[in-house]
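*Asks:* Heads up: the sequence lines are chains A, B and C, in that order. For the first sequence, my numbering gives the first residue as 1, with consecutive numbering after it. For the second sequence, my numbering gives the first residue as 1001, with consecutive numbering after it. For the third sequence, my numbering gives the first residue as 2001, with consecutive numbering after it.
Think of the hints as simulated: they come from the structure by calculation, not from any bench. Given the structure is predicted, the values throughout are model-derived calculations rather than measurements. Possibly wrong hints are sitting among the right ones.
In silico EDC-like pairs for lysine to aspartate or glutamate, Cα to Cα no more than 20 Å straight-line [said to hold, decoys possible]:
#1 C:K2157 with A:E115
#2 A:K238 with A:D201
#3 A:K238 with A:D208
#4 C:K2157 with A:E70
#5 A:K255 with A:E245
#6 A:K255 with A:D233
#7 C:K2157 with A:D79
#8 A:K238 with A:D184
#9 A:K135 with A:D125
#10 A:K255 with A:E221
#11 C:K2157 with A:E75
#12 A:K238 with A:D177
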Amino acid sequence: MQSVHALEVRALSKTYGTGDRAVRAIDDLTFEVEPGEFLCIVGPSGCGKTTLLKCLSGLLRPTSGAAYLEGTLIERSPDGLALVFQEYSRSLLPWMTVGANVRLPLLGRRVRRSERRSRAAEALDAVGLTGFEDKHPWQLSGGMQQRVAIARALAYQPHLLLMDEPFASVDAQTRADLEDLVLDVHERFGITVVFVTHDIDESVYLADRIVVLTHRPTTVEEIVTVSLPRPRDQIATKELPEFMEIRGRVIRLIKGETGESDEGDDIPAGVVAAHEEVPE
Amino acid sequence: MTDLSTQATTVESHSRTIRWLRHGAPAAAGRGLSALTPVLATVAIVAGLQLLVATGAIDERVFPRPTSIGSELWDHVQQGSFWESVLRTLEGWALGLGLAIVVAVPLGIAIGSSSSAYRSVRFVVDFVRPIPSIALLPLFILLFGIGMSLKTYIVALGCFFPLFFQTMYGVQSVDPITLETARAYRLGPVMRFVFVSLPGATPMIATGLRISASIALLLAVGTEMVVGVPGIGYDIYRAQYAGERPAAFALIAASGVLGILMAIGFNRLERVTLRWHPSQRRESGE
Amino acid sequence: MTRRLRAILLELWLPVLGIALWWVLSDDSTSPFFPPLRRIVEAFRDNWLFARIDTDLVPSLTRFVEGFLIATVVGVLLGLALGLWPLARRALAPSIDFLRSIPAPALISVMILLIGFGDGMKVAAIALASTFPILLNTIDGVRGVEPQQLDMARVYKLGYWHRITRIVLPAASPQIFAGMRVALAVALLVMAFSEMFAGTNGLGFFIVFAQETYRIPDMWAGIVMLGIVGYAVNLCFLAFERRILRWHRGWRATAQER
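Looking at chain A on its own, in the form it has when it is part of the complex:
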């Protein structure tokens, strides 16, 4: 008896263009995500992370291979999937209030008005924005706007939450708060999360497992299990030796891929050189 994966990606490939101008963005990508899991996806810059997310959310059709959401093939618009973009200012609607923005996806689901309001209120409460329903998104700070986008996804009650480098556009302090918010939400509601980021520290901090991607044509380099205890803490967790070890491993994997320093993430002094497994 086989349990259904929350997300299953099989040999997914996407090529842009044709002939000799063809660009193979992703090639033969395969991995699974279990229900309730928090999966991070990292890779060198320029690898097809965004392409992958677009294929998973039905915005792009893959050239070959397929992805399955709880056993159902993902085609145009998969059901029960929410996507949080990096640029909140472009996906939140400026002519609507925060409350209206959060309620918007529920219009597509034929939910009664009273229930729309209550779900939106719950979602805003979960992200700590109660009382902001009547403000407009552009009246809020960047971090708060991203919370609105997360609340919008939560109100939708998705089975799978995709997040595309959602905290790349905010400052470090806000990013730490938002990371903890996402962990809290994940804990509370038990949603399966697929989180794309280029920030290695962030990925180790958040994930149960990390999918490390290769350079283009992108495929899975390795899947790293993060055995750190939950609940995670910005200070305590990051002081653990296991954190440093996993982090080092991921960085080396990516560094080995590109053969050069990636995104300024320098390996701290004292850590063993590349391609050596740290003994238990």
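Based on these hints, arrange chains B and C on the given structure of chain A.
*Replies:* Chains B and C in isolation, oriented as in the chain A frame:
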């Protein structure tokens, strides 16, 4: 009264519209096919009209066959009197537009450069501006009699405000940082004006020219129709009055062609000025 | 307080001075074409307060409003369709380009030939001429909708209706309103023109008729009235636009700060 930012939006997006109207499809796959679509569609529309009239679905006494309109147009094009009329219309157009430029652009620059001047003038201008210049046509008839100068003054009056406003907005829209930089480099007011403000304002002035050119054509033709001064408008009126429908529609079509040629010419001018304009406008719009 | 007072004075000194000068300088005018301002004011009072409101002002305004509303509905609907459907837009581009290049007075001629004289012709001419700025601006606004917003709508499985009413139309509305502003001026122009050229009542007709019968102060009163109508219509529209686009101003203000 008009928000400057929405004015900029209109300029920027109008060039987008110009681009799609002129060039149709973007450089996607199947370039040949997408160039063919407008041609095929237009032919289909004309053919469809021809069919509707020929079968009587559209009464021929109301709207003649496209083929007879076409042959009328062809006949006209071969006659000197047609081109004489075209020239008369263009003469009024050019004189009026030229007069408007000479008055409106300097005024626009002057008022645009001074905030207190702008605010002094604002009420009067906002009140006078919505008055269509043809409302003053009867007065101008009394003042100037019927002739070319009447047409010239009506056209000039109608073109004044768009040109004035666009020039003014153009001067006001120059990035203050650029001006500050110029000032830091010790450029005097005249130099700043010539090398910063004027080039910065040129695209909007070019837009004003484009808008005014079509208004000028409109007013020239309109004056000819209402008053009877020689030109295409007068010919249209005569054909319409005499019930010569193919001729009337042919002349109307000719005026449309004139309008298109004018639009193409001034669009090109506008795009040329936008191209070498510092990219500040591009960033703010998109 | 003095700052506000100064601002108001700055805006008012020229018009007040202008009118005062006009009054004084023209008071003993014997010119047939520029009667004393006093006479014009009298003629204005005699005609427009309130004698000819029903016979001339109301018909003019009715045609204007009808034509403008038709143009708005047609322009926005057609603009939506063409904005969302690239094939149709490319196909119809030359035809639209051609029609909108025909000078508006010639369009009046077209309507006379097709419909004959009368109110319907005027409304049709006003509507036709005013449709184009709205149509073109709507197309542009629709095409300029932020793609991420449409992506978001697809991911959340919003239907066509919601996508168009909640996303496309609001996103395009600043552009649409800009087009409507231009259309307002065009509508006024065609209204006056059609009444001067082929009318039996209305403001345009009144001005021309007064001129032809040498009732010059009346003619001026008509011109002033037309100016007031234009100004008032503009003012109302701008107030309306300001309310609807309040979000837009706020949004742009914060966007520019970045």
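*Asks:* A separate judgement is required for each hint: does it hold in the structure or not?
*Replies:* Consistency of the hints with the structure:
With a C-alpha separation of about 18 Å, the suggested pair C:K2157 and A:E115 falls inside the 20 Å cut-off, and the hint holds. This hinted pair checks out: A:K238 and A:D201 have alpha carbons roughly 9 Å apart, not beyond 20 Å. For the hint pairing A:K238 with A:D208, the CA-to-CA distance comes to about 15 Å; that is within 20 Å, so the pair holds. As the CA atoms of C:K2157 and A:E70 are separated by approximately 18 Å, the hinted pair is consistent with the 20 Å bound.
Among the hinted pairs, A:K255 with A:E245 is consistent with the structure: their alpha-carbon atoms are about 15 Å apart, no more than 20 Å. With a C-alpha separation of about 27 Å, the suggested pairing of A:K255 with A:D233 is violated against the 20 Å cut-off. For the proposed pair C:K2157 and A:D79, the alpha carbon gap of about 8 Å is at most 20 Å, so the pair holds. Restraint check for A:K238 and A:D184: the C-alpha separation of about 17 Å stays at or below 20 Å, so the hint holds.
Of the supplied pair hints, the one linking A:K135 and A:D125 holds, its CA atoms being roughly 15 Å apart against a limit of 20 Å. For a cut-off of 20 Å, the pair hint linking A:K255 to A:E221 stands: about 12 Å separates their Cα positions. A threshold of 20 Å between alpha carbons decides the hint, and for C:K2157 with A:E75 the separation of about 12 Å falls inside it, so the pair holds. Restraint check for A:K238 and A:D177: the C-alpha separation of about 15 Å stays at or below 20 Å, so the hint holds.
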